[in-house]
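Undergrad: If you read the sequences in order, they're chains A and B.
Take the numbering used here: the last position of the first sequence gets the number 250, and nothing is skipped along the way.
Take the numbering used here: the last position of the second sequence gets the number 1232, and nothing is skipped along the way.
Source of the hints: derived by calculation from the structure; they are not laboratory data.
We put the beta carbon where it would ideally sit given N, CA and C, even for glycine.
Where hints are given, some of them may not hold.
From the derived model, a few chain B residues whose C-beta atoms are all more than 10 Å from chain A [unchecked claim]:
#1 V1045
#2 N1194
#3 Y1230
With a Cα cut of at most 30 Å, we get these calculated BS3-like pairs of lysine-lysine [to be verified]:
#4 K14(A) with K116(A)
#5 K1222(B) with K138(A)
#6 K119(A) with K195(A)
#7 K25(A) with K132(A)
#8 K1143(B) with K7(A)
#9 K105(A) with K25(A)
#10 K1044(B) with K14(A)
#11 K1225(B) with K79(A)
#12 K116(A) with K1149(B)
#13 K105(A) with K1044(B)
#14 K1149(B) with K163(A)
#15 K119(A) with K1149(B)
#16 K1143(B) with K1225(B)
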Amino acid sequence: MSVLEMKNVRKSFKNVEVLKDISIKVDKGEVVSIIGPSGSGKSTLLRCATLLETMDAGSLTYSDEKAAWMEGSSIKYTKNLNSVRSRFGLVFQNYNLFPHYSVIKNLMDPPVSNQKRDKNEVYNECRVLLDKMGLLDKENAYPCMLSGGQQQRVSIARALAMKPDILFFDEPTSALDPELTGEVLKVIKQLADEKMTMVIVTHEMSFAKAVSDRVIFMDNGVIVEQGTPEEVFDNTANERTKQFLRNYNK
Amino acid sequence: MDLMTMILKMSEGLGKTCAIFFLTLLFSLPLGMIVALLRRSRLKVVSAITRFFISVLRGTPLMLQLIAVTYGPYYVSVAVNKLAEAYNLGIGLDIGISKNKLVPVVVAFAINYASYFAEIYRSGLESMPVGQYEAAQVLGYSKIQTFMKIILPQVIRRILPSVTNEIVTLVKDTSMAFTVSYQEMFTIGKQIANSQTSFVPFVVAGVFYYVFNAIIGFVMDKIEKSMSYYTI
Ligand SMILES: Nc1ncnc2c1ncn2[C@@H]1O[C@H](COP(=O)(O)OP(=O)(O)OP(=O)(O)O)[C@@H](O)[C@H]1O
Ligand SMILES: [Mg+2]
């Protein structure tokens, strides 16, 4: 069964259609990268999947849980949105950590307060996550005391602390200096090796190629092409994809 | 009258000065937040009405508002009774000018300061990046939890200096209560000054306010420091 399935998703802002009948499916353990030019609708797609935007039409399902579906010509969302929210995590471009909470509180507060999980258990899990992110010594630090790369790793740990089935990334390294990008990509690569299901919007083409099972190329609100990294990056027959990649390799 | 007697007499009014000050803060700080949220309401009517009230309260003198709240109800009742008499309605309102002026004084101060605090809260709320709301939503915080746990603490941190300014102004503004002859410290001082044709009570009042504000400054500084364990 797929962890995420979006079918025939449409989304307009005012009169501009940003997502035009998009369907994607992500299987358990799969790493999917979404690439495409600026304004092609990549972020909007992630925001629809994470309930930050309401779709105009289409369906959204996490594993066996329906989040949104069509009834006749109108879209219906489930009443139990919080149960849907605990299925995914989202890593933002600019981290969005809570600056007034220490690192450990950033990680622990959502599972403890919102998922009502046992505090000691959560604490131990969060310590393991911080260790994995190489940030065990930053447990009691505040986000403002950390570098961008460290903050982004904390935000990945915060998302993982919710035990999501799937993790979304929206350009996780775009706000980082090149020398800090590597440490974040390394962590994501490690998660990929552990078979974490992930959808990554990125402009880091070589990283997408290295880490993904599947690459989706979006342009102008539609999926132009998808396939293995080799198919999309090395052997594409699609003119639009070729042109996009050419601009990128320049 | 010697200086010591003056100081003692004026000190008697200090309790009332403090009553205006603390009660005003007690009511206006939370009321300001309610007003700020109404001002930000998505309902156009609600936000427009709120904006109108804020602009009236900020655009007219506090002195006038004190007079309106203290004597307004009495004059309204007089007018109503005249009308009732003219049309033989056989009803009558009996609203006098309240003996305990503390109530109208605090009401006037509280709504006036609430409108200033509301604008401070509003600017603080507007300065919050939308990413904080989005992160909270994705992490399963309810709207109320997001506000109480994520947004409000950061807003308070951001607006504390402006709030301190208002509090310092409030200390000095308590003297306005003399317009409705509420026997707080300044009103007493003014009465002594008139009866003794002396300027000294004003000097004493000045020292009182200065010391009061020095204490406020010290306390607010401590609070600000206690919150500056993170930068925004
Ligand atoms: N809240 C919004 N209101 C109006 N228009 C929007 C809104 N959000 C996105 N858009 C528009 O939708 C289109 C797609 O935006 P989106 O952010 O999804 O693109 P993107 O592929 O993520 O681009 P980038 O690579 O620059 O991040 C753009 O034309 C953008 O201007
Ligand atoms: Mg984007």
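Undergrad: Work down the list of hints and note, for each, if the structure agrees.
TA: Hint check:
1. V1045: holds (24 Å)
2. N1194: holds (52 Å)
3. Y1230: Its Cβ does come within 10 Å of chain A, the nearest being 4 Å, so this is violated.
4. K14(A) with K116(A): Not OK: K14(A) and K116(A) at ~39 Å, beyond 30 Å, violated.
5. K1222(B) with K138(A): holds (27 Å)
6. K119(A) with K195(A): holds (27 Å)
7. K25(A) with K132(A): With a Cα-Cα distance of about 29 Å, the restraint between K25(A) and K132(A) holds, given a limit of 30 Å.
8. K1143(B) with K7(A): holds (29 Å)
9. K105(A) with K25(A): violated (34 Å)
10. K1044(B) with K14(A): Measuring from Cα to Cα gives roughly 20 Å; hence the hint holds.
11. K1225(B) with K79(A): violated (43 Å)
12. K116(A) with K1149(B): holds (16 Å)
13. K105(A) with K1044(B): Judged against 30 Å, a Cα distance of about 38 Å means the pair is violated.
14. K1149(B) with K163(A): Holds, at about 22 Å.
15. K119(A) with K1149(B): Holds. K119(A) to K1149(B) sits at ~18 Å (cutoff 30 Å).
16. K1143(B) with K1225(B): holds (29 Å)
In summary, the structure is inconsistent with hints 3, 4, 9, 11 and 13 from the numbered list given earlier, while agreeing with the others.
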